[in-house]
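Visitor: All chains, full assembly: derive it from the sequences and hints.
Chains as they are written, first to last, in my numbering: chain A, 18 to 340; chain B, 99 to 403; chain C, 19 to 347.
Watch out, some of these pointers could steer you wrong.
To be verified - In silico lysine-lysine, DSS-like type, Cα no more than 30 angstroms apart, as pairs:
#, chain 1, residue 1, chain 2, residue 2
1, A, Lys110, B, Lys305
2, C, Lys51, C, Lys285
3, A, Lys257, C, Lys285
4, C, Lys218, B, Lys134
5, A, Lys284, C, Lys192
6, B, Lys291, B, Lys134
7, C, Lys78, B, Lys137
8, A, Lys110, B, Lys137
9, B, Lys137, C, Lys219
10, C, Lys272, A, Lys58
11, C, Lys78, B, Lys136
12, A, Lys192, A, Lys150
13, B, Lys312, A, Lys192
14, C, Lys94, C, Lys52
15, C, Lys280, C, Lys218
16, C, Lys218, C, Lys51
17, B, Lys167, B, Lys231
18, C, Lys157, A, Lys284
19, A, Lys192, C, Lys280
20, B, Lys136, A, Lys192
21, A, Lys43, A, Lys318
22, A, Lys192, C, Lys285
23, C, Lys285, C, Lys272
24, A, Lys318, A, Lys284
25, C, Lys192, C, Lys94
26, A, Lys284, C, Lys94
What the hints assert, rightly or not - Stretch by stretch, here's where chain C covers chain A in the computed footprint (C-beta under 8 angstroms, at least three residues):
#, segment
27, 45-54
28, 170-177
29, 209-221
Think of the hints as simulated: they come from the structure by calculation, not from any bench.
For glycine and all other residues, C-beta sits at the position ideal for the given N, C-alpha and C.
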Amino acid sequence: MTVAPLIEVKNIKKYFPYKKGLFGKKGFVKAVDGVSFSVNKGETFGLVGESGCGKSTTGRMIMNLLEPTEGAIIFEGHDLGSLNENEVRDLRKDFQMIFQDPYASLNPRMRVKEIIAEPLVIHGLLNGKQREKRVHELLEVVGLSSYHGERYPHEFSGGQRQRIGIARALAVNPKLIIADEPVSALDVSIQSQILNLLQDLQEEFGLTYVFIAHDLSVVEHISSRIGVMYLGRMVELADKDSLYEEPLHPYTQSLISAVPIPNPRIKRERIVLQGDIPSPSNPPSGCTFHTRCPFVTDLCKSQIPAFKETRPGHFTACHLYND
Amino acid sequence: MVQANLAHQPKDKTELARPQPVQVKARTPLSEFWRKFKKQKMALVAGSFVLALMLIALVGPYIAPYSSKEFDYESILAGPSLHHWMGTDAYGRDIFSRVLEGTRISLFVGLFSVLFGALGGTILGIIAGFYGKWIDSVIMRICDVLFAFPGILLAIGIIAILGPGLSNVIIAVSIFSVPIFARIVRSSTLSVKATLYVEATKSLGAKNSRLIWKHIFPGTVSSIIVYFTMRIGTSILTAASLSFLGLGAQPPTPEWGAMLSSGRDYLNTAPHVVFYPGMAIFVTVLAFNLLGDGLRDALDPKIKD
Amino acid sequence: MRDKLLTIENLKTHFFSDDGIVPAVDGVNITIKKGETVGIVGESGCGKSVTSLSVMRLLKDTPGRVVGGSIQFKGKDLLSLSDREMRNIRGNEIAMIFQEPMTSLNPVLTIGRQIKEAVGLHLGLEGKKAHEHVIEMLKLVGIPRAEEIVNEYPHQLSGGMRQRVMIAMAMSCKPKLLIADEPTTALDVTIQAQILELMKKLSAEEETAIMLITHDLGVVAEMCDRVVVMYAGKVVEEADIYELFENPKHPYTKGLLQSIPKLREKKNRLGSIPGTVPNPLERPPGCKFAPRCSEVFDLCREVEPELLPVGADHQCRCLLYQRDLVKEA
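Guide: As structure tokens, this is what we get:
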């Protein structure tokens with residue numbers, strides 16, 4: 018591809034320090050341990066994985082809510098780490114986030130119009146009448162009505178609140194939206210409303226999404242390229258079709274086969290993984306997946322597999338494909 | 099470019115199905131609060147009583163049948179009668195009038211000492227909770243030290259330094275209210291700080307000042323209100339105790355505690371001299387506490403319906 | 019035909035709040051046969067969980083009360099049993115597992131103690147025998163190091179392990195009916211797969227009937243023999259699993275099926291149901307789904323349809339299939 022990516026994540030790491038016991042030695046929870054990917058303008062990049070895989074931490078680092086322990090995030094050629102506070106704040110206009118919990122992400126003490134106007138106020142955009150007009154436009158865009166602005170969040174259902182969260186994210190015309198599990202707290206029929214809305218908005222405003230989720234069907238539906246994470250590392254990254262048609266990493270394979278299919282006629286042979294996801298505070302040596310992998314070899318236990326392009330555009334971190 | 103596009107309607111109108119206004123009555127936080135508060139009969143009674151007290155504090159001296167300084171040597175230590183509803187004291191002063199006038203002093207002392215205490219405590223609590231790290235440690239350790247003294251002893255100590263008098267009572271009571279508010283505000287700051295909506299606002303690029311003023315502080319207001327109300331009761335009690343000990347209001351000021359103090363010599367012969375000021379203190383403190391309880395139940399987001 | 023194990027007839031459970039009476043369950047009929055897995059599907063607020071709590075008679079601490087109908091379990095009316103008789107049935111013949119296993123386990127007791135308590139209470143096992151039974155149960159649900167786990171506390175286990183413990187507890191008395199309320203919703207996909215496999219295996223071995231409450235149609239397709247779809251406190255459709263997925267009748271069921279993204283489906287846009295679930299205090303007259311229905315006609319807003327057969331072992335509450343009745347009216 019010739020276009021420069023909108024955002025480039027280079028080998029970011031996030032270690033959270035913790036203390037074991039009262040006088041115990043210090044350790045680190047390696048929430049994210051060397052993740053790299055890039056997102057092109059106008060695409061939806063899906064980030065999937067199970068709890069504790071570091072997908073949300075990655076999203077928060079891109080949003081600058083957490084500072085990476087190591088690595089760089091480059092947005093339109095600017096290294097976010099090298100900017101000062103004011104420059105970062107300015108750049109935030111281009112980044113917005115949609116959160117998982119539509120109940121907790123809106124201040125219950127503010128009216129909806131204040132919530133949606135908040136990014137405009139923060140960045141000193143528009144004033145008075147214009148700001149109000151903009152809020153009304155945004156409410157309409159996300160499928161609410163302008164009279165909803167006068168109300169408080171608790172008067173809305175989960176789906177409507179998520180629409181409010183989306184309107185707030187759109188207020189400052191962002192280029193990139195990080196959506197952290199935006200539909201997982203919603204009912205099935207509302208999920209599809211929100212997914213469709215996100216797709217419409219993308220088309221209309223040329224948005225780029227990083228879509229973080231644990232639901233593989235949802236991620237497949239909305240994304241163009243997908244990265245699969247396991248215990249702080251990216252294990253596979255490919256465009257949607259090759260990832261789902263031909264998953265290479267044994268973890269991706271089992272993840273896809275574990276998704277229940279809403280069709281009673283399909284009785285699949287499922288790869289049921291043994292055991293639990295290990296704790297990120299004490300990850301297994303070598304390939305972190307080796308404790309549950311059906312194809313484990315001695316090499317996997319000692320050596321971390323490199324994240325390499327195994328097929329054109331299809332990256333995997335697995336010794337099976339490194340000969 | 100997005101601006102221009104905004105007027106454009108989404109393609110699939112039915113899909114978005116704008117919800118119709120179902121609830122006509124607006125459910126503002128205030129109306130929610132009132133809905134829950136009015137269910138608590140005790141708190142309602144206490145609240146009305148507090149309002150009445152405030153009214154008395156304003157107009158008390160004007161409606162009092164006698165002046166608080168009016169001596170009537172004809173009827174010394176007279177029991178309650180039609181002329182003197184609560185009887186008279188050792189100088190023949192009308193106790194009812196003195197209690198009415200004392201309301202203003204007690205409420206004034208209670209209100210202002212808590213106001214200053216809450217102000218200082220809130221600022222310290224928010225700073226400690228929001229910034230954390232060493233600032234938090236320093237502020238909270240100082241509070242711990244203040245907590246280690248019994249409240250009244252601390253107040254006596256402060257007055258020993260500043261000298262007796264009502265204004266010094268206010269200062270003393272404020273000072274020992276500060277750590278209480280600091281601790282409460284700090285803990286609610288911590289919980290508000292951890293909420294997703296604060297993180298969401300941070301992600302919008304908000305500065306700390308905005309986070310504190312628009313999000314953290316409003317989030318702590320409900321617990322401040324509750325403790326504010328309850329502390330007024332306690333402060334009135336403390337102020338009265340200090341006056342009783344001769345450290346606060348000096349005779350002939352009709353302060354309830356001072357009235358108790360000067361009446362205690364006649365406890366056996368004329369109990370009404372201490373009974374009515376005592377009741378005034380008791381009922382006032384109780385009313386503030388009940389009101390505070392009711393406010394807590396109505397403001398606590400965890401208690402639904 | 020297999021024997022009927024549980025028959026819920028015209029169950030009405032209402033919640034009494036300040037704002038009014040919420041008819042959370044508003045006339046529900048469900049039958050579960052011996053050894054059968056029945057899925058109860060619906061979105062939040064449809065009354066599926068309240069139905070299960072009504073069966074277990076666990077509404078005591080809520081403002082809810084069963085105000086009508088009957089619940090027959092093996093010929094006994096559960097609603098008329100004394101608390102003591104009900105306690106005997108609960109855990110012994112009907113067991114329940116919840117979405118969040120952490121909240122249903124006592125944090126200060128070891129895993130072993132908690133299962134032992136259940137075993138002692140219902141099977142009368144004590145001492146060494148009980149201990150052995152507990153370990154056997156833990157092994158049965160696929161818990162590694164069962165001998166060590168019995169001495170651990172709930173917080174030391176992962177979510178998947180805790181759910182296994184809950185299942186072990188529930189199955190320890192070989193119940194005839196297991197009520198599972200969103201048992202895998204809080205779990206990761208790979209762990210969910212393990213738990214579902216486990217539940218399938220156990221129900222096949224012990225002939226336990228399962229009432230599976232979930233919002234996930236994928237889980238339903240995989241687990242259930244029959245499905246009950248609920249909306250706004252009522253059953254709107256009930257059918258055999260194949261029939262429901264291949265020949266859904268109710269517009270709500272159809273909408274639900276169209277709104278879930280399916281793997282490898284390559285659909286650009288999902289179908290969706292407009293609007294939101296009506297506020298239970300202000301449910302519309304007539305069909306409760308009418309305001310969101312794509313096939314609505316005038317009468318829907320006035321007449322509440324009945325749950326009537328639309329095929330073999332297939333019932334639906336929709337006026338579209340009740341035209342004759344409509345004409346008469």
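Visitor: Run every hint past the structure and note whether it holds.
Guide: Tested hints:
1. A:Lys110 x B:Lys305: holds, 14 angstroms
2. C:Lys51 x C:Lys285: Violated - the C-alpha atoms of Lys285 (chain C) and Lys51 (chain C) are around 38 angstroms apart, more than 30 angstroms.
3. A:Lys257 x C:Lys285: Judged against 30 angstroms, a Cα distance of about 13 angstroms means the pair holds.
4. C:Lys218 x B:Lys134: violated, 47 angstroms
5. A:Lys284 x C:Lys192: Given pair Lys284 (chain A), Lys192 (chain C) holds - Cα atoms ~28 angstroms apart, limit 30 angstroms.
6. B:Lys291 x B:Lys134: holds, 26 angstroms
7. C:Lys78 x B:Lys137: holds, 23 angstroms
8. A:Lys110 x B:Lys137: Since the Cα atoms of Lys110 (chain A) and Lys137 (chain B) sit roughly 46 angstroms apart, the hinted pair is violated (cutoff 30 angstroms).
9. B:Lys137 x C:Lys219: Violated: Lys137 (chain B) and Lys219 (chain C) sit about 52 angstroms apart, past 30 angstroms.
10. C:Lys272 x A:Lys58: Judged against 30 angstroms, a Cα distance of about 36 angstroms means the pair is violated.
11. C:Lys78 x B:Lys136: holds, 26 angstroms
12. A:Lys192 x A:Lys150: holds, 22 angstroms
13. B:Lys312 x A:Lys192: holds, 26 angstroms
14. C:Lys94 x C:Lys52: holds, 15 angstroms
15. C:Lys280 x C:Lys218: This hinted pair holds, its Cα atoms lying about 23 angstroms apart.
16. C:Lys218 x C:Lys51: Given pair Lys218 (chain C), Lys51 (chain C) holds - Cα atoms ~16 angstroms apart, limit 30 angstroms.
17. B:Lys167 x B:Lys231: The hint is violated at about 56 angstroms.
18. C:Lys157 x A:Lys284: Within the cut-off at roughly 27 angstroms; holds.
19. A:Lys192 x C:Lys280: Between Lys192 (chain A) and Lys280 (chain C) the Cα gap is close to 29 angstroms, so the pair holds against 30 angstroms.
20. B:Lys136 x A:Lys192: violated, 49 angstroms
21. A:Lys43 x A:Lys318: Holds, at about 24 angstroms.
22. A:Lys192 x C:Lys285: This hinted pair holds, its Cα atoms lying about 26 angstroms apart.
23. C:Lys285 x C:Lys272: Holds, because 16 angstroms separates the two Cα atoms, which is no more than 30 angstroms.
24. A:Lys318 x A:Lys284: This hinted pair is violated, its Cα atoms lying about 33 angstroms apart.
25. C:Lys192 x C:Lys94: Measuring from Cα to Cα gives roughly 19 angstroms; hence the hint holds.
26. A:Lys284 x C:Lys94: Between Lys284 (chain A) and Lys94 (chain C) the Cα gap is close to 37 angstroms, so the pair fails against 30 angstroms, i.e. violated.
27. 45-54: violated (count 0)
28. 170-177: holds (count 4)
29. 209-221: holds (count 5)
Taken one by one, the earlier hints fail for this structure at numbers 2, 4, 8, 9, 10, 17, 20, 24, 26, 27, listed in ascending order.
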